[in-house]
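Colleague: Going down the list, the sequences are from chains A and B. Under this note's numbering, the first residue of the first sequence carries the number 43, and numbering increases by one thereafter. Under this note's numbering, the first residue of the second sequence carries the number 43, and numbering increases by one thereafter.
What the hints contain is simulated information worked out from the structure, not anything from laboratory work. A few of these clues could be false.
Same chains, same label: a pair holds when it works inside one copy or across any pair of copies.
[Said to hold, decoys possible] Straight-line C-alpha distance at most 30 Å; calculated BS3-like pairs for lysine-lysine: (1) LYS236 <-> LYS51; (2) LYS237 <-> LYS51; (3) LYS302 <-> LYS337; (4) LYS302 <-> LYS285; (5) LYS51 <-> LYS241; (6) LYS285 <-> LYS400; (7) LYS441 <-> LYS236.
The structure presented is a predicted model; accordingly, all values stated were derived computationally and were not measured.
There are 2 protein chains.
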Amino acid sequence: MFSSLEIIKEISITSPGKILLLVFDGLGGLPDPRTGKTELETAKTPNLDRLAARGICGLTVPVAPGITPGSAPGHLALFGYDPVTFSIGRGVLEAVGIDFDLQPGDVAARGNFCTVDEAGLITDRRAGRVSTEKSTELCHLLDGQTIDGVKIIVSPVREHRFIAVFRGEGLVPGVSDSDPSRMGVTPAPVVALKKQAEKLASVASRFVAQAKGILAQHHPANMILLRGFSRHPHLPTMGEIYKLKPAVIAGYPMYRGLAKLVGMEVLPTGPAIEDEIATLKQNYNNYDFFFLHVKQSDSAGEDGDFDRKVKIFEQVDSALPELLKLEPDVIMVAGDHSTPAMLRGHSWHPVPFLLCSKWCRPDRVTEFSESACITGGLGIFPAVQIMPLAMANALKLIKFGA
Amino acid sequence: MFSSLEIIKEISITSPGKILLLVFDGLGGLPDPRTGKTELETAKTPNLDRLAARGICGLTVPVAPGITPGSAPGHLALFGYDPVTFSIGRGVLEAVGIDFDLQPGDVAARGNFCTVDEAGLITDRRAGRVSTEKSTELCHLLDGQTIDGVKIIVSPVREHRFIAVFRGEGLVPGVSDSDPSRMGVTPAPVVALKKQAEKLASVASRFVAQAKGILAQHHPANMILLRGFSRHPHLPTMGEIYKLKPAVIAGYPMYRGLAKLVGMEVLPTGPAIEDEIATLKQNYNNYDFFFLHVKQSDSAGEDGDFDRKVKIFEQVDSALPELLKLEPDVIMVAGDHSTPAMLRGHSWHPVPFLLCSKWCRPDRVTEFSESACITGGLGIFPAVQIMPLAMANALKLIKFGA
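When you get a sec, could you build the whole thing from the sequences and use the hints?
Modeller: Here it is in structure tokens:
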């Protein structure tokens, strides 16, 4: 376990205080050149602004300056887990994203159906984005084989994406990807990167070879590519570290899966912010930490839809008073990373953050935005530090050292 | 030794420049809800404000965001020692606090006289805060035993508090506390947490058993609790690292003790700021680093006395011109942690900091306060970095690297 988590584990105590973490996926943005304002600065968010005025603000750096995080590191940091120390493989991430129940010892790989030509060279890494329906059929063809005592479970994800889970004795991750991440070349062989991974490499290679045969007549999905062979990371839970009883309220499965990896209980919910707040109300007495996830801000950013991202902020802002009626002892509004509509994807830019509690030391920020948060009392700081701050503000940490 | 100290040790040089570190214990605060102003913001401190205007300001984070430090980690950080790497046990801290001369190999534990009922269950962890006088008597009864060749020295501290120092061959710390930190249970056995600590565990257990017999008729102080078994940490000295000749001017013994642990010489002084400044003047030519400690701000905070904390700041501020007449090359005004009167105890909040020297790069801060320091040129930064900054500003560090 990372040493600073060890310290938190030693000094954390249970107390009645409740912590609410509201995460806007892809919260941060970039200014529209016509107005000079980011999505968040463009949005009319009187409730967030009032909360910023009452609270303390800053900008979080998800992983490190200049580093654009994926969803997993972005969220792990918000939960207090150093995203470099605790890495989650692509295979595991896809598996938890479809609520696949990974067993101890399982190795999961992310798969793509792809197209190869007669010479075996990749002509399309996504097999023309084959439909989920077709992909599901093809997964059935590949599913359930046993090679060298290892069962291979193949489950569709969406479109060309699937997972292959290798279940059996003696499987150790540490093998190369068969996905070369480019076209015009043959799929790469899966090779062991260390001695103990040889069995997995051998089984995976034979699985790929058999898949080639099985799919031969299914052009454009006539081959597969595997990457991110990984095992369940078995992270220390938030219960162990913080002595919290945490719950996740998220409309999208991947975020529920990520939260489950750190021991949160999943509360079934609809995807709209109103649904999530209703779920929160129903379960408010049973937990002392809630992670509420708003996916739509990231999707709008990824689509390059500046105005839609603005609207999401305004919608959630309107719903905020209902949420604040619960009077959580600590409320944090955060993002896992920036997703500027101008960039149509995740980015490295620091993310606006606010924390409001009876014991926060309010700063002079009166507006929740990128430019206002620069002057906040928390400064520009690693996202991994928000959980210790929340714990302190909920009076859930005792003194460190004599 | 922590790696950044290794670097400083390599590049530090002796020069005539003098560094003055003025520490307000528990400097940082929280706003009074009626005024929105902290203790420091409420205080009229024209001299500190002028110094802030001439200097460069920031907020220091004593250990890490959200972590509330004890006195030892708070001060070690100010002296440049990473407080997580260099930890000081509770037993040692109490021992240095009463100027007890710990020998190499000694293991010190912090003791409490406590009350147990007929079933042996703890009914009061502090024996009704037995008087120092009575406690001193009881310590004499326990003092001077030899068990398995180990001499046990028992010295009173104050009220129910004492230290037990175990002196003999083969004693290694790494034993559990007998103090369960709660009532209604029996004292815990002292057990070895590692093989080498078995001798200490055995001797300490027998000492506790004998103490129970000796104290049986001394209700309410009819039992003892021990915790924080620890050895002198043997820190590298400030002389070794910084090539400084450092001195401490502190009215309270614990801070003199902490300073001695890093090799400062103790200058006898009265507890008032005027006494401390007089001591400074008398000794100004003989040292090149001075740590002046103001305890009263912390005590006022711990007592929840907002107004008294305000007055302490104003008092010290009035005395400041006298101190500035000495024209130290570098003056720093810092705190080991925050002690908001609103919280009646140490807290995690960052601490106002200012550094003034001919070579600092002044920022636009013109007021020494929590909210003003947020915008300072040093930003929000780890307290452990103030010593390298002071050394640089005193032109006592040569270039790093080719």
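Colleague: All the hints need checking, so say for each whether the structure fits it.
Modeller: Evaluation of the provided hints:
1. LYS236 <-> LYS51: Between copies only: 21 Å across, 34 Å inside.
2. LYS237 <-> LYS51: Close across copies (24 Å), not inside one copy (35 Å); limit 30 Å.
3. LYS302 <-> LYS337: within (17 Å within a copy, 47 Å between copies)
4. LYS302 <-> LYS285: within (16 Å within a copy, 38 Å between copies)
5. LYS51 <-> LYS241: Between copies only: 29 Å across, 37 Å inside.
6. LYS285 <-> LYS400: Within one copy, since 21 Å is at most 30 Å while 45 Å is not.
7. LYS441 <-> LYS236: Intra 44 Å, inter 25 Å, cutoff 30 Å: inter-copy only.
In this structure, every one of the numbered hints holds.
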